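Chains as they are written, first to last, in my numbering: chain A, 1 to 584; chain B, 1 to 261; chain C, 1 to 195.
Treat the hints as calculated values from the structure; they're not laboratory data.
Note that the structure is predicted; figures quoted are calculated from it, not measured.
Keep in mind that a hint or two might mislead.
[To be verified] For the chain C half of the interface with chain A, some residues (derived, Cβ under 10 Å), not all of them: (1) Val19; (2) Ala187; (3) Thr190.
[Stated by the list, open to error] Cβ-Cβ distance ranges computed for the label pairs, FRET-style: (4) B:Val191 <-> A:Asn385: 32 to 40 Å; (5) B:Ala197 <-> A:Glu390: 29 to 37 Å; (6) C:Ile173 <-> A:Gly23: 45 to 53 Å; (7) C:Thr53 <-> B:Ala71: 18 to 26 Å.
No residue lacks a Cβ here, since even glycine has one placed at the ideal position from N, Cα and C.
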Amino acid sequence: MTEAPAGRPSGAAAAPPSIEATGLGWTYAGRRRPAIEGLTFRLEAGRVLLVLGPSGSGKSTLARALAGLVPHVQPGSWQGSLRVGELEVADTPARLLGERIGLVFQDPDSQLVMTRVDDEVAFGLENRAWSRTEMTARVPLALAQVGLSGFEHRSTVTLSGGEKQRLAIADILAARPGLLVLDEPTANLDPPGMYSVFEQLAVLAKRREHTIVLIEHRLEAALPLADDVLLMDDGGHQLAFAPAGAVGREAVELLDRSGAWVPRAWTGAGTSRAVERATARAVERAKARAVERATAPASQPAARGGRPADPSALLVEATGVRLEYPADTSGKRLALDAVSVAVHSGERIALVGPNGAGKSSLLFAIAGLLRPAAGTVRLRALPRNGEAVEPLRDPSRLRSSEIAARIGLVFQDPELGFVAGTARDEVNASARAAGGRTGTGSGGPDDLGADGALARFGLGHLAAEVPFALSQGEQRRLSLAALALRPPAVLLLDEPTFGLDRRGTEAVLALLDEGRTAGQAQILATHDPRLLPACDRVVALDRGRVVFDGSPAAFLAAPPFEPAEPWRDGVAPGPASTPRTAVP
Amino acid sequence: MSVLPAALQPTRDAFLTRTTPAARLVAGVVWLVASVVTLDPIVPVRLAVAAIVVLWLWSGLPMRRIPGRLAPLGFAVLSLTVFSILLSSANGDRTLSTVAQIGPARITGPAISAGIAVGLRVVVIALTTLLVFGPSDPTRMADSLVQQWHVPDRFAYGTLAAVRVAPFMAGDWATIGAARRLRGLAPRGPVARVREAGGRLLVMLVSSIRRAERLALAMDARGFDSGLRRTHFREVRTGWRDWLTIAAAIAVAAVALFVPR
Amino acid sequence: MKALETTKPAAELLRWRTVDIVVVALLAVAFGVVFWAWGTYVWAWGSFLGPQTESLLTGVWLLPAVVCPMIVRRPGAALFGELVAAIISALLGSYWGLDTLLSGLLQGAGAEVVFLITMYRAWNPVVAVLAAAGAGIGEAIHDLIVNYPGLDDAGRAAIGAAEIVSAIVIVGIGGWLLVRALRRTGALQTFPSGG
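Pulled out of the complex, with its shape left as it was, chain A reads as follows (with noise of 0.2 Å):
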């Protein structure tokens, strides 16, 4: 075996550059809209920049433009100018672009590459035709930087969310790059995962030896991280350049009516508006119901006083619920242990807990996917007009044909559950499952009113498009429209929320709102703590045990995990948890 000579002086690393954007433009191969225009601003060296914005407002496309993905691997077509340090993007070697600058993706599973966290580590430096004496002098500094030393030989499928993507981070500190790019890192994480991310972009961004491009939907966190922000809108268009702590009052307005969360600090509001909405209804239908919530302590959920006394509104019973791991996914925990949940008509209940918890399990066990090895789960349909209630049963020896009517379960990713050539067949395919014409369709013999139900979730100009060519916004009301005709009695959904802005959780929430008005029950999994306000309930499990069982407030107020930070709302970790607005 031969050396090949290094890339760049060995050691070195990349002084931090400022960016330049001038009239930045950028529009995909096969796209008619830009996805970024005009874009003109400079941010100095060192600088920490939060970029903010609504879905679709292009702030992936500009992180990849940052990294030279955008043009030299992606085709389309450039406009304007972008600097990082002395070099013109579109005129530098892709190679070029990459020694200095790194960017980390939002899904820690499809940016790993080895198995093994050192190698993983070393094969961005073997890309760049590092030296091995040198390889093996960076690699545990790199992983000391995120505090993953000692963590060399694991296998990175053991890592858990958070510490996978500090090695996505690791992997591209290693480097040395003089220019840092986040494109949304936490998002697929559950809170204590979020939590230790920030800690370590804290300590990043104190070093002042990175400029910093953040893109990111948890802005409590961020925030105090950043000292400019850049607001953009739903077209791709910049709104303003600014520090963070000098924001104008148009701008944040404008930001706002985009459609995209907006920090707290800004608007001065607590929530946004569309939460605190269903936060008032919530607690309208609560005392017109005469249902004392109980704060009580989890271990004995079902000896919850003030239950409604109505037996029938009773939609979900699980009682002592065991679940197993399959046998070889090895260690003998439990995925659920002696889980008891009662679920009623018209309640709203939040799922909350770290990823490995048992959310999902419960999820399943509930929809009969996965049958209990103790316990019993048992649910029924809501009853229709004059119908008598029906017993609970156990949904796991349903037919696939009753099973609709009972349970529905909108997935993360909701494009697995697609079946159809277009929107419009997506939402016939479940109402001809359902059972024939429920809607009041003016159309062909075959229209089952499925237009009506996609004007309603505002999909009526795409009936005919393919539901995976949506977005992932589209896509997930298409999965709730598809159950508007012929509403499951209980509706389970895994991360509803995830990679929407505000104005795409405002909608969803709102849709929800029209089926819980009609008594179904709804079971949120969630890791995002703005949607708990909008919940009737909150149950938290932890380690396959619920360890909480009660009001929204009282779980904020003190979650009951250690340590407990991560599951406040608002509360940013790390050193720098003070606003900064000025540069040393």
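Guided by the hints, dock chains B and C onto chain A, whose structure is given.
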């Protein structure tokens, strides 16, 4: 993933775990060729015995898991043997004496021995494969092929990356099935089942292609397509154990082929 | 201010981008698992029907040789896809083991020759069927030498014919339909086959 066999990994350090995968591949091909060139059943018998001895003493693989691993082979060995005997060209040779008569079919002695040889061949191939792939993980295999045989880096490590994310496909497959059941769209009847499997496969492939695109973009962001000649963090070097392994494989094959009974 | 167009990948015909490599590899891994399952659960039982009938089931093993190149349209995709799928099924423990690699190589080469003759320019159903037939011939050559050496000529001819027919139906037509269905979902937009 439950239908797939769990990866067979060495449980201890052994002679073969210190050899390079490329060397084991050469040795394995030698045995493969030796078992294929003849229809004399004594050759695969000898090779199978040798393979079991090597597995036992020098592979580091847990012996108790080997039988379960090879069990599905039973049907193939049996049917291949039976049909090779029944349809053998030797059965048409009138100069040979009839050993058995099944209806119109006439069976000769050479047909039986050739059939047994063909069946045993499968056993040898399966055991040899365990010896080649078992003692080290896919990463070492890629390292070895790239550094020793100069297999193109981008293809070797691109494939390795794909292998790493492959288990997600199994998860997708299960999720797709669950989603369809809950939507009331689970198939009934064999025709519907086949059609549904096709639709499921399509959705799984769409999801996999998207995942592959994200992965490729992340690899490019880390300079995978930089055009530089990649270096190697972990060195794989041909050592004396490799030469010994290949020499021993050749010697055993020669004995199996040429030593008279 | 400057404007710059980067072209669609269709123009750079010969170069494998990272995304081409990873997509072919991942599809091949998926096919490798299918091979293993097919071999273990379907083929092993089908084998009791006798080699000629059973040969009608062999087409499944040739899917990567047509599907992979039809998606990425790069030289060598048939060979690369078949080899990776073969390696995976060998790793999982198919009873053909190492021999799978040899048959994968021959099957891939059979299809690759057809794509080479078109200079990697034609990607229509006719080419798909011809490539499938090419892969089938590669497979027949392998199987007749390795698996059925003792059979009489009529038996061998029947097996060869059955394998080629299976290839044309399952891979030529089935594979082409699969690629068309994928294209309709919009999942192939980054590839020359998607636009």
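Each hint tested on the structure:
Taking 10 Å as the C-beta cut-off, the interface hint given for valine 19 of chain C holds, the closest approach to chain A being about 8 Å. Taking 10 Å as the C-beta cut-off, the interface hint given for alanine 187 of chain C holds, the closest approach to chain A being about 6 Å. Evaluation of the threonine 190 of chain C hint against chain A yields a held restraint, the C-beta minimum of about 8 Å falling below 10 Å. Distance hint for valine 191 of chain B and asparagine 385 of chain A: a CB-CB separation of about 38 Å, consistent with the stated range 32 to 40 Å.
About 33 Å separates the C-beta atoms of alanine 197 of chain B and glutamate 390 of chain A, a value consistent with the hinted range of 29 to 37 Å. Checked against the hint of 45 to 53 Å, the C-beta distance between isoleucine 173 of chain C and glycine 23 of chain A comes to roughly 51 Å, which is consistent with it. The hint said 18 to 26 Å for the Cβ distance between threonine 53 of chain C and alanine 71 of chain B, and at roughly 24 Å that hint holds.
Hint violations for this structure: none, all hints satisfied.
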